Amino acid sequence: MNSIQSIFLLLLTLSLTGILYFVFIVWKSALARDGGAFPSASRLSRLGRMPSERSEISRWAAYLHRITGVGIFAFLSLHIVDVAFFAFSLNAYDSLHSIYSTLPMRIFECGLLFALLFHATNGFRLIIVDLFDIGVIRSNVILKSVFFLSIVGTIAGSYVILQPVIS
Amino acid sequence: MSGFSRVFISRSLTYVALRISGALLAFLALGHFFVTHISTDVADTGSSFVTKRWSSSLWVTWDTVLLASALVHAFAGLVVIVYDYITRETTKHRVLILLASLIFILFVIGLLTIIISVFKIYST
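Chains A and B supply the protein sequences, listed in that same order. Residue numbering for the first sequence follows our numbering, beginning at 1 and increasing consecutively. Residue numbering for the second sequence follows our numbering, beginning at 1001 and increasing consecutively.
Hints may be right or wrong, so weigh each one.
[Unchecked claim] Pairwise CB distance ranges (calculated):
1. 1109(B) with 155(A): 17 to 27 Å
2. 11(A) with 1101(B): 10 to 20 Å
3. 1104(B) with 155(A): 34 to 44 Å
[What the hints assert, rightly or not] Derived coverage of chain A by chain B (criterion: at least 3 residues anywhere in the stretch with Cβ under 8 Å from a Cβ of chain B; other residues may be distant):
4. 2-16
5. 93-101
6. 141-151
[Said to hold, decoys possible] If you only want the chain B side, here are some residues facing chain A, beta carbon under 7 Å, derived:
7. 1019
8. 1022
9. 1040
10. 1050
11. 1055
12. 1056
13. 1059
14. 1074
15. 1106
16. 1110
In short, the hints are calculated from the structure, not lab data. Computed from a prediction, not measured in an experiment: that's the story for all the values here. Note that beta-carbon positions come from the ideal geometry of N, C-alpha and C, so glycine has one too.
Here chain A stands alone, though its shape is the one from the complex:
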């Protein structure tokens, strides 16, 4: 491993730590202000309501939208810098880029795919909610398909991304 690769991995670790710190901020603020979607006794009693009446799922979606957004931005910053090596030296770019095809990095890419898919599909839901007066129940139906699409898409994509390493 050369020095450029080590710096890349160091920055990647720093980004992941930054994302974890942001998750902590969202979690703390959710506890302090939003009431939170957490399994306290009063929350659990709300689970007795009709599923379509529960608003917790859209709150979770809002937290996840923020966390995936900050995560994608952290990776984008790193990615802009690592592609910049292409302009200076093809060899430096290639040695740096070979990290992308290692197993841990491929697993990270599966996570990135989930973040992109969830952020994109949930973003379209938010645009639909803004433009059309569809109400909470139908908004939650769309949200369930958002989770379904992003999870299925991630599983299918992960199969393609991980296959060269597994077989």
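Mind docking chain B on chain A? Use the hints.
Okay, now just chain B, sitting in the frame of chain A:
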């Protein structure tokens, strides 16, 4: 409100910029991911792959628009997050100026990378 916030952090501008760039990015960013991870294995996306891709004006345009809209979207989204989690006015403005500078630097690095690379590819 300082001059900085009045000019850059108009709430309605942030709102519209987030949604327009977001709709664009769903297509551009997922397309970029698809081309570099699904239709081509990531192990084969070394410098020869990038050279081939950036020989086509479609992909140069694609990546430039992707860079610009991703950074606009990131800044607009971060403004919303900063307004939610930071309450002290001075801290808020310092963080926003820091983020704006970071995003401006990233845009310059990205744009220079594309310009220099395309220039190199066409001159060889």
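- prompt: Was the hint right that residue 1019(B) lines chain A, CB cutoff 7 Å?
  reply: For residue 1019(B), the interface hint holds, since the closest Cβ of chain A sits about 6 Å away, which is under 7 Å.
query: Would you say the C-beta atoms of residue 11(A) and residue 1101(B) sit inside 10 to 20 Å of each other?
result: Roughly 18 Å apart at Cβ, these two residues keep to the hinted range, so it holds.
task: Closer than 7 Å between Cβ atoms is the bar; does residue 1106(B) clear it against chain A? Give me holds or violated.
output: holds, 5 Å
- prompt: Taking 8 Å as the C-beta cutoff, is the stated coverage of the region 2-16 of chain A by chain B satisfied by three or more residues?
  reply: Contact hint for the region 2-16 of chain A vs chain B: violated, 0 residues under 8 Å.
- prompt: Are residue 1050(B) and chain A close enough, Cβ to Cβ, to be under 7 Å, as the hint says?
  reply: Status holds, d = 6 Å.
task: Double-check residue 1056(B) for me: the hint is only fine if its C-beta lies closer than 7 Å to a C-beta in chain A.
output: Since the shortest Cβ distance to chain A is 16 Å, the answer is violated.
Chain A contact restraint for residue 1074(B) - C-beta distance below 7 Å: With a minimum Cβ separation of about 5 Å from chain A (threshold 7 Å), the hint on residue 1074(B) holds.
- request: Check, residue by residue, whether the region 93-101 of chain A contains three or more positions whose beta-carbon lies closer than 8 Å to a beta-carbon of chain B, and give the verdict.
  value: Our answer is that it holds, as 6 residues pass the Cβ test (under 8 Å) against chain B, meeting three.
query: Any CB of chain A closer than 7 Å to the CB of residue 1110(B)?
result: holds, 5 Å
task: Given that the region 141-151 of chain A was listed as covered by chain B, double-check it with a C-beta distance under 8 Å for 3 or more residues.
output: The restraint on the region 141-151 of chain A is violated, since only 0 of its residues have a Cβ under 8 Å from chain B and three are required.
task: May I ask you to test the hint 34 to 44 Å on the CB atoms belonging to residue 1104(B) and residue 155(A)?
output: With a Cβ separation near 38 Å, residue 1104(B) and residue 155(A) satisfy 34 to 44 Å, so the hint holds.
- prompt: Is the interface hint for residue 1040(B) satisfied, with its Cβ closer than 7 Å to some Cβ of chain A?
  reply: Status violated, d = 10 Å.
The structure fails hints 1, 4, 6, 9, 11, 12, 13 (numbered hints given earlier, in ascending order).
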